[in-house]
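Chemist: Next come the chains, spelled out residue by residue.
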Amino acid sequence: AQSVTQLGSHVSVSEGALVLLRCNYSSSVPPYLFWYVQYPNQGLQLLLKYTSAATLVKGINGFEAEFKKSETSFHLTKPSAHMSDAAEYFCAVIFQGGKLIFGQGTELSVKP
Amino acid sequence: NAGVTQTPKFRILKIGQSMTLQCTQDMNHNYMYWYRQDPGMGLKLIYYSVGAGITDKGEVPNGYNVSRSTTEDFPLRLELAAPSQTSVYFCASRSGHPNTGELFFGEGSRLTVL
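Read top to bottom, the protein sequences are chains A and B. Taking this note's numbering, the leading residue of the first sequence gets 40, the next gets one more, and so forth. Taking this note's numbering, the leading residue of the second sequence gets 14, the next gets one more, and so forth.
Some clues are possibly wrong.
[Unchecked claim] Derived pair list, reagent style SDA-like, types lysine to any residue, alpha-carbon separation capped at 20 Å:
hint	chain 1	residue 1	chain 2	residue 2
1	B	57	A	134
2	A	97	A	59
3	A	138	B	50
4	B	70	A	135
5	B	57	A	42
6	B	22	B	126
7	A	138	B	64
8	B	57	A	63
9	B	22	B	35
10	A	138	B	117
Since the hints were made in silico from the structure, they are not lab data.
Produce the complete structure using the sequences and hints provided.
Modeler: Next up, the structure:
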């Protein structure tokens, strides 16, 4: 079955610490992958996308993600968290046939 | 350029009533999607379409129906509303070009079933 799994529904880090949000997908064919961010009471905003070019993808606000085919993963990282990064983050995958599925989301909290 | 337009933005239904959420896009996108978002559950795919005349079930299709008679429009029909369908619904569309794929979202429709 096609699925997207985000490990950890809540992640808390201190300001300045590394942010790591995990995303795994189920597919034997490399799909297209995305990370979106949703701030409170707002819509979803695209952070970055992987479309079969470079495996390390840089996005907005200092975020990046690495596509690892062997691990079927697309984890999101940021070297140094900022208070303004507090939000909910969603991994999304386009599977064959055009089905686009989101993970359940990870809420990131940043402590001062 | 309006993008993706959803109506209505808010609606209260009684159990057993029916309604249609309208979605239209003016970007000539082939792919269109309906999602529902519930707290802590992320966005769940209800139905999607890869082009006019073609629709397919997503993760949570029960209780819903869709049609895609034109490229622009992708309405979502709730036939017999149930409290479990209380949610925020998002329509989205995207280009089929592999190097884009970014979703364009409507503003959402908040539905309450009492």
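Chemist: Which numbered hints does this structure break?
Modeler: Failing hints: none at all.
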